[in-house]
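> Chain by chain, the residues:
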Amino acid sequence: MSPLHLCLAFSSVLFAVGLAGALARSNSILVLLGIELMLNAANLNFIAFWRYGPAPSSATGVIFVIFAIAVTAAETAVGLALVISIYRHQQSIRLQEATRLKG
Amino acid sequence: MNAVLVLIALATVGTAVAAMSRRNLLHSVLLLTGSWAGVAAFYLWAGAEFVAFAQVLIYVGAISMALLFAVLLTRRSRVDLEPGPASRGRALYAILAGGAVAGVLLSAVSRGPLAAARSPTPAVTVSQLGNQLMGPYAATLLVVGVLLTVALIGAVVLAAGGGPDKPGGAS
Chain R
1 MSPLHLCLAF SSVLFAVGLA GALARSNSIL VLLGIELMLN AANLNFIAFW RYGPAPSSAT
61 GVIFVIFAIA VTAAETAVGL ALVISIYRHQ QSIRLQEATR LKG
Chain B
104 MNAVLVLIAL ATVGTAVAAM SRRNLLHSVL LLTGSWAGVA AFYLWAGAEF VAFAQVLIYV
164 GAISMALLFA VLLTRRSRVD LEPGPASRGR ALYAILAGGA VAGVLLSAVS RGPLAAARSP
224 TPAVTVSQLG NQLMGPYAAT LLVVGVLLTV ALIGAVVLAA GGGPDKPGGA S
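Heads up: the sequence lines are chains R and B, in that order. Okay, so the first sequence: first residue is 1 according to the numbering used here, each after it adds one. Okay, so the second sequence: first residue is 104 according to the numbering used here, each after it adds one.
Everything labelled a hint here was simulated from the structure, so no lab data went into it. All of these numbers come straight from a predicted model, not from anything done at the bench. Each hint should be verified, as a subset may be incorrect.
To be verified - Residues from chain B that face chain R, not an exhaustive set, calculated with beta carbons under 8 angstroms:
1) 120
2) 122
3) 131
4) 133
5) 139
6) 142
7) 153
8) 156
9) 208
10) 216
11) 217
12) 251
13) 255
14) 258
15) 261
Said to hold, decoys possible - Covered by chain R, per the in silico footprint, the following chain B stretches (three or more residues, Cβ under 8 angstroms):
16) 197–207
17) 230–241
Built from N, CA and C at the ideal position, the CB exists for glycine as well.
Bound-form chain B, shown alone:
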């Protein structure tokens, strides 16, 4: 059981590191899609099937496509895929910051008083989830729906607005 988890974790972290270190933006997005698929595999492993399918639908399906379109829409020419090189010092400081955060988190995890209960996999069926979403969490569901609507309309307005010569002009 643990071996599967370690395999999933290694694949996910490996693709994430590769995605963050690639020069080619398209490769980064595609590798990160693999990383999200790894996270979905973790959800499946943990017994949260609905979340795994939501992750596949939203991240691997929708967000990766939106990211690919953004990458392709914002390059200047066919060969201009490589982002400008960040300075070496900045990369070093970023890796230092990431390593420090990882060290703090890992030491806290390994020393924390976490009693891992030997419990069987909790089974939450989709109908249970639906009842919860329609019952105690109905207000939250409505708020999230309104948030998504407002955010998507705002995204359309932002992305479809005029260029620098015609500021704010629609279409």
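Just chain R, same shape as in the assembly:
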């Protein structure tokens, strides 16, 4: 197996772990953690293709990952603020009980 295949397999497994965690848990913080894990797996792919891609001299992959990390930080901040806000209103962060917006 070439290193590129290993990198891609690594990121696939990490993505699947994050997906299973986000789907299985009912705690909203853990769901957020699963989403973070999936985003990290996507960033791994960018770096792997930049490292073993056809044009490794350009820094496109690295710059994309930097921007993705910045966007992820913003998403986490807003997500945690939402979790704290939900906890204030309902005294619980279980997703099954956050049904206020249900039509």
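Given the structure of chain R, go ahead and fit chain B onto it with the hints provided.
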């Protein structure tokens, strides 16, 4: 070279699986911090030092602290760390979905026409990165800065807003 990669991958995936299967939320967050450190080690291995340090600073440093504070702020008492048990069927379906996605991705990776170029490690220095960010990607950098500012102000407003008795009231 491959052995190091396999070691990093095993450590990262192992801590991620442990984090997703632990009952204690604090243990989950701490284990996931280890997983992010593993991802940073992968970036170092791949030769993207700047991204590795950004990962350490942002994920291992900042986001894990924010997550720990969120965990500690949203528990009801000192002993109420365990989230309510998700139903067994739901966990089973989630693992099935994750396994199916992993199967599809792994088969696509192993069968795909990926020609791994035997290239030396591409060296991108920090000054090159800075020139790129200030040159062709300056507009993107500005947009990301505005996005971060708006998101952080929004997070402060959301988290500092009043409780159910005084909706929307600041402080």
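> Run every hint past the structure and note whether it holds.
Results of checking the hints against the structure:
no.	hint	in the structure
1	120	holds, 6 angstroms
2	122	holds, 7 angstroms
3	131	holds, 6 angstroms
4	133	violated, 11 angstroms
5	139	holds, 7 angstroms
6	142	holds, 5 angstroms
7	153	holds, 7 angstroms
8	156	violated, 11 angstroms
9	208	holds, 4 angstroms
10	216	violated, 12 angstroms
11	217	holds, 6 angstroms
12	251	holds, 5 angstroms
13	255	holds, 6 angstroms
14	258	holds, 4 angstroms
15	261	holds, 4 angstroms
16	197–207	holds (count 7)
17	230–241	holds (count 5)
Of the numbered hints stated above, those contradicted by the structure are hints 4, 8 and 10, listed in ascending order.
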